[in-house]
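The primary structure of each chain is shown beneath.
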Amino acid sequence: MYLKLFVSAMAISFLIAIVAFVIIARRKEEAKPEEIPHKKLGKMLIIISIAFVLVVTPLSTDVAEPRNPQPDEVFYKGYTAAEGFRVAIDYNCMGCHTIVGNGAYYAPDLVYIARTAWYPETIRGLLEAFSSTEYMPFNLTEEELDKLTAWMIYLRDLNTNRWPPMPPKEVVLSSKTFQEGSEAETLYSKYCSACHGVDGAGVVPGTPDFRDAEWWESRLNEVGWSGLVDVVLSGKDAMPAFSDKLTSEQARSILEYAYSFSKAEIAGARIVVGGYSFEQSFQENLERWYESETAWIIYWLFTVIVSSLLIYTFFYWYARG
Amino acid sequence: MAYSTQKLATPLVVVAVLLFLVQLIFGGILALYYISPNVLSGTLNFNLARAYHLNALLFWLFSATFAAVIYVLPVLSGREIVYPGILKIVVLLLLVVVIGGFLSLPLMQEGRNVWAFGQPLLYEGKEYVELGRVWDIVLVFAFILFALVVLKTLPPMKEWPLALWALVFGAAITFILYIPGNIFFKHVPTSEYFRWWTVHYWVEGALEVAYAGAFGLLLMVLIPRNEVKKIVDKYIFYDVVLAATSGILGQGHHYFWIGTPTFWIMIGGIFSALEILPLTLMAFEALRIAKKSNIRFENLPSMYFMVGILLFGLVGVALQGLVITWPWTNWWEHGTWVTMLHAHECMMAFSMGAISLILFAVPGLVGKPIDRTFTVWGKRAFYLMATGQIILATSFGLAGISQIFNYWIRGEPWSTVWSTRLLFMPGVVIGGAIVFLGYLYYASAVFRHLLFPVKEEPYSVEKAPPTFMNTLRGLPLLIVLSIVFSLVGAAGIWSFFSEQVLVGGNPIVPYITTAVSFVGLAILLELMIIKFTRALEYQYYEI
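As they're listed, the protein sequences go chains W and A.
Quick note on numbering: numbering that gives the first Met the number 0 labels position 290 of the first sequence as 289, and the sequence is numbered without any gaps.
Quick note on numbering: numbering that gives the first Met the number 0 labels position 122 of the second sequence as 121, and the sequence is numbered without any gaps.
Treat the hints with care, as some may be off.
Derived DSSO-like pairs (lysine-lysine); straight-line CA-CA distance at most 27 Å [what the hints assert, rightly or not]:
1. A/LYS229 to A/LYS185
2. W/LYS42 to W/LYS31
3. A/LYS462 to A/LYS291
4. A/LYS233 to W/LYS38
5. A/LYS151 to A/LYS6
6. W/LYS27 to A/LYS462
7. W/LYS27 to A/LYS290
8. A/LYS6 to W/LYS42
9. A/LYS462 to W/LYS38
Hints were generated in silico from the structure; no laboratory data involved.
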């Protein structure tokens, strides 16, 4: 579908430009040196293109309907990807690696590495192995390693329209992808699973279902993460207080572990990462309104109109200006 | 020199020439890293050297542009610059940013940054915009002061020729869009989205619009004839329309794979392919202007570099861009050394513009004549820089093609990718050395004029009979031929999708077609440069 849209848009706009040139422009006399033909059209083209970029900016930056994981919602051992990005900025990772293909070409692309390694522990292992070698000659602390891991998990899950090209590879998704083998998992099974269930569904009546994304959303809107940490530490209704057993950081990481249950619908699925077809991503992204088929018709029309005017201006000016 | 305030440009010229040296030295260090990664690791890390390589470039371009504006401003307005005191402060602020920014960059080796209000203060690990917020604020403040002085000095806006509008508009856009790219966003797609506003629109806003305006103004000053003013005016208008429309929407070629929506792949793909229109137009228009004006240029080196910006703009920016901008080719080349071919030729076009402005300003600035040595050294500098850069960039491109196959398709470990790219390093090193030699000629020409008395006789052209190599004859054909070569290159990268490569594991087709395309474009570029510059010298303008 994509190929057809692309080629037809280009071909039709060239055609329109040529036809318009033959019908309108050829009949007119050559312009005098002091006149600038189609001055208004030219100014309009600039304004239209600026307006387009401004209109689609909220869509492109995930302000409208997000198409990427959000940096505050991807965790590793209680650290968010947003914190990891700060570490990446501080060490200037982009000065050697590329990130989504942008940056220096001294070292491999980080999205590529994250997708090849895939599992959080593998990613962290790579970071640890290369830290303090001649390739990454700085001593990353344990905390920085965890933060960077969270960030690389986030990079791995970015919706990059299936770039980079890489040999196809099958991986198993898990609701606990972000937290596997972590301290949070151990603590959850020790203190929480008896009432809340190993899978977060709730064993004791009155406990919430941790797999319910809407419950999380409303609770987080109401009290935020710090409010939920207070519940764990000081207890609520039938739930005992854990302040003598857990620190607030531990409580936070347990909560994030429980939060990952709300992504349980993808658990156990097998997906193929990589491959050599970016056109596949058009099908995969049809669900959002601004990438739906209707929207594509609008983009197609826009492209045809603006580019035919642009090519027409070029022809007209070169031949008659 | 007619105006005393023009002298304020001198310190900026010196800064620009010296920072270019810094850029070249760090370029050499980067090449050393590719050959032997552990020599400097730990003392001067690769990413630090690269940050210097990029920022030295940006700041010598800034300095050269500021210097050129200070030099031309009194001539354009017909009076001294108002508030020269403020201008001194601007120069001082620029130096503060360069020194302070460069001194705080090494902190990245230990990751010791200072954060406030969610922003990194001392430096920021994003390519091209590595300076921290503190330095950005000083820089923007300097820009605002500078804009104030310029707008106060210029005649009222109603009297501006279109070329001046283009220059001011392009420069203003460049400086305003410096801001969004620098801000730290915690979301990577957002961060990259706005970073390209800065980096891409530098090329679109500054190179295509502002430099077109600057050179239009130069032509008007050099050839004070009314018809030239009209041609230039019209050419500027269409160039700005085509460059701005295709450039603003063609921005989308950076938004294919960074997490931004799929529609950018169509919009960016089509409009960035149309970006060759303004640049081919520029080339054809230059031919037209050359033919009509038919004058002898006194400052030949400056004109040579002006030809450089034109032809590097055509081949390096437009056609090498056309090779990689299609979604089917960009998918493969994105994130490999093929991009560096395009990037290095683009930046050479930029740099040649700045060098041209400096060489134009220097003789007038010190009130010394353009003599034989200045002309000869300037010409040698031009040929060496152009040739060296072509060799260097083409080597990058060829290495990148092997990287695509080994890394994306065979999934080889990085060490294999590394060693195959290493085969092309001799080209990079030799090319870099030639560029450096060219720099020595350029810097010597500038400093000789600045520091020593010039008493030699003026340069006289020894006439030669017109041949193919010193006329503009056949140049339109060569331009068309280079468009064909760039399409061959695009087809070559596209053929990585073929079954022969993906299933059969045989990359011979893309290897050969891209090699033909890259080497062909390099030869065509060199040929056009020689033809155009020599035609300019002998005034053989017939096409």
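Hints versus structure:
1. Distance restraint check for A/LYS229 and A/LYS185: the Cα-Cα separation of roughly 49 Å exceeds the 27 Å cut-off, and the hinted pair is therefore not satisfied.
2. Straight-line distance between C-alpha atoms of W/LYS42 and W/LYS31 comes to about 20 Å, which keeps the hinted pair within the 27 Å bound.
3. A hinted pair counts as satisfied when its Cα atoms are at most 27 Å apart, and A/LYS462 with A/LYS291 qualifies at roughly 21 Å.
4. Taking the CA atoms of A/LYS233 and W/LYS38, the gap is near 10 Å; set against the 27 Å cutoff, the hint holds.
5. Proximity of A/LYS151 to A/LYS6 is assessed by CA-CA distance (about 19 Å); at most 27 Å being required, the pair is judged to hold.
6. Between the alpha carbons of W/LYS27 and A/LYS462 the distance comes to roughly 44 Å, so the proposed pair goes past 27 Å and is violated.
7. Restraint check for W/LYS27 and A/LYS290: satisfied, since their Cα atoms lie roughly 25 Å apart, inside the 27 Å limit.
8. A distance of roughly 38 Å separates the Cα atoms of A/LYS6 and W/LYS42; the hinted pair therefore is violated under the 27 Å criterion.
9. A distance of roughly 44 Å separates the Cα atoms of A/LYS462 and W/LYS38; the hinted pair therefore is violated under the 27 Å criterion.
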